[in-house]
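Q: Residue strings, one per chain:
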Amino acid sequence: MHASFPILSALILLPILGAVLITVISNKHLEIVKLIAMLFSVGVGGMSIWLLASFKTDDSGFQYVSQHDWVTSWGISWHLGVDGVSLFLVVLTGILFPLVILGVDPHHDHKRYLAWLLLLEAGVMGSFLSLDLFLFFIFFEIVLVPMYFLIGGWGYDKRVYAATKFFLYTMLGSAFMLVGIIATAVLARRDIGYLTFDLVTIAEQASFATNTGRWLFVSFAIAFAVKVPIFPLHTWLPDAHTQAPTGGSVILAGVLLKMGTYGFLRFGLYLFPAAAVWAKPVLLTLAVIGIIYGAIAATMQTDLKRLVAYSSVAHLGFIVLGIFAITSQSLTGSVMQMVNHGISTGALFLLVGMIYERRHTRQIAELRGIQSVAPIFSAAFMIVMLSSIGVPGLNGFAGEFLILIGSFQSARWWTIVAATGVILAALYLLWAYQRVFHGEPDEANSTFAEMTLREGALIMVFIGLIGFTGVYPKPMLERIEPSVDKLVEHVVSHSDYKAPTTPEVVKPESTKEEGH
Amino acid sequence: MVFASTLDGPSIPWVELIPILSLLAGTCFLLLVGSLVPTWPRRGYAWVTGISTTVALVANAVKWNNLYYNKGATYFADVIAIDRFSVLASITICLAVIFGALMMSAYLVRMNADGPELYALLLTSAIGALVMVAANELIVLFLGLEILSLSLYLLAASNRDREQSQESGLKYFILGGFSSAFFLYGVALIFGSTGSTKISGIGQVLSGSISIGNSDAMLLVGIGMLLVGLGFKVSAAPFHVWTPDVYEGAPTPVTAFMASAGKVAAFAALIRILAVGLEQRVDDWRPVVWALAILTVFTGSILAVVQTNVKRMLAYSSISHAGFILVGVEAAGHAGSDGIATSMNYLAIYTVLVMGSFAIVLALSGNTDGETNLSDFKGLAKRRPALALAFTVLLFAQAGVPLTAGFVSKFAVIKSSVEANSYVLAVSAMVAAVIGAYLYLRIAVSMWLEEPESDSEISVDPAVVIVIVVSVIATLIVGFFPELLLHATRLARFAPL
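Chains as they are written, first to last, in our numbering: chain U, 1 to 516; chain Y, 1001 to 1497.
Result set (PhoX-like, lysine-lysine): computed pairs, CA atoms no more than 20 Å apart in a straight line: (1) 111(U) with 1382(Y); (2) 498(U) with 486(U); (3) 1378(Y) with 158(U); (4) 56(U) with 474(U); (5) 56(U) with 486(U); (6) 111(U) with 34(U); (7) 1382(Y) with 28(U); (8) 486(U) with 474(U); (9) 280(U) with 486(U).
Think of the hints as simulated: they come from the structure by calculation, not from any bench.
Everything numeric in this text was worked out from a predicted model, so none of it was measured.
Based on the provided sequences and hints, a complete structural model is requested.
A: This is the structure in structure tokens:
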């Protein structure tokens, strides 16, 4: 125990408390409701930043561990911990939620909207912090409920269809994972001697027969593949993203999808190293297909929000590529890219939301020449877009570069194909930018309002993060690396996989010349 | 043991019968005093029902506690087994009766038709259910089954102003009689094959090396017939066809009672027969239960998708739940499994969920008890947000969303199933649960995301409020602290042979 204050439990329980408070306050006191939502989300954000600052960079294990018995007869405990893999996802969650709560107006039913958002935050935090399979499943699954209501209640025209599709699709994936989780615990009992759902105990002490491990891995992988989403299980994503309200899209892209990639790291590689190595070629191939397919599909979209949604499919393909290349750099890059994608795509969704607020359309064909009427807005869009493309000096580059350089050592041909995805990303985003912002504005677009102070302040936070990470990724890398190295060692020692020996020159610390 | 040569009947340990006697006393009081005293105070009948059931409940709870040091025993020449298994099932049934009586009082007050008959029938059906769960003898089991069923036929048809209610009662009666015949024929065949109608006696005969009458086919056909008869009562596919019509037509409190107590009793009987009587024939019945379980979970969840009436939806969902319980029963057919405990756990939780859900349906069903279409639920969140929230909790619990009791129950049976290596069954059940979730989402969509069609005042009877509040709180408490209930169900064991 590092601190007497159970900060990780507080990160989960505070938003729940906030949601409960909001629920009991009468609808008439809307200002108090908003104030509570703000206080609680900012409080959680502040705590997550404190966590980041006080995180021990030289410790590769789990920190701030909190463990209490819960369901003793099933060996289930409230077991939380944070390491380099989950730290930045926790911080990202802590930062994104207050920004969404402060910056995005749902237009109606504020009280319910804010309560659902806070519950969602608790669920996401719990997923990233849980070190117990049962506990993880609970948070992983409970997240569906607030998200379902957020899409269904505050979304656009086809919101009910999109929300239902999202719920059932993800639940189907989880159905397999639940059986997998139970089977994992039951089978691990033979090695451990008692029934436990504790992730660390199972991962360190249990070993599964080759085929058993593969089946178990597959059951987890289906759930995560749906969540990420990996091609061909991605079809829920464009609908959910397009129909979700802006705040929902930001959260969905920013942190919810990361629960899938995070799951692959924590419950794929860590729990079933041998099976993950076995499944490597398939997942690498699907990741690369996702990169190319997502990019091509994004190019073809006529709806700006759908375009960003498909770009997520491509970007998450990169993250999956980095995970299953299983080298220190590629994994570090993947963790970093999870955060980067959350920031960049979150900001893109915010900007698309602002466009919709002004023009009540997201059709690219109906937008043009915005640059000449709203130059600041266009500049903000440009920076965020460039970060999404992965232009050096911005955050997207650092992550993508690490993924590619790491993957090249262990998955050469996949990486070569994937690298073309970088070019495609530039193609669809720049082309969209050109159509929306260049040219002469027609009548409808000539009154496009410039960014307000509030919107500007919101976007500035994102741009600040984009710039800082792009120029100076060291604080991030030095926290991620020890845990990732440990994970790679774990995979190597528990399977016949041999990590490619890392040439000194491409140690991540020396790949940041672009920033200076 | 009783010697057949003496004329004395078996000694009667009245104490063991307190639950049943208390319900019987309540019935007699209602019928006698009810007909002698014309006007009773408001809800007087409900109070009598509630008090006699509470006495039964307390007696059962005391018994549960007394069984701490022993495993229970059989009484009345071994025809009634009082063990933690039967006591747990009895407690569940008593709770269902109390909930049922509360809902019934709200229903009758609203219909302006308060009277003792329905309460008396409620109590007699509960007596049948209590006999069923404790029966260690197939004929006694059959008696219990008939007492339960006959009362339910009458209750289902009790709304004389609604044609569907009449239809429901008749349909249930004809099909129920048909299934009883199957059951009875199965008893006869098993008796012919083993020479015993006692469940524990059958088990002893089958575990002996000498088989009496050496007719294996007769035994197998008998087992099959028993499964058909009880499969009908628990509404397992393919014997489920009656369920939606009867559930829709019967008065809502009756539907709730039928869906909970009826199912608990039939499942308890089924489990005792399979696990005690036919323990040696596990390899024969397990595949059948396996097939029934898969068929039932999928039938329930797939057919639910196209329904437009909430009562029918809940009927199909109850079919799907029966499938899940069968998953636990199948697991119980493997050595060292806790399938019985998890099935009982499922039944207890299911009882609470189904009672709460139907209580909300009752609150909305209007003066005719017929406004149960999905469209009647539109925009409920705007009209009565608390009611909509409660229903959402109960529906999501039925869908198996974590932190609700429904998740605990599903998790437990799936765990039993996985421990028994029935992976195919476990995965199928979970996939079916996802299909089934669509049904609950549709109701949630209606309530939260659509505009109300009427803005008439919804007045909720205080008795119904009690049922809803208690079931929602219980759902959440068990969801957050599953250990409370798991500990109890784990102790649900059979009396030694």
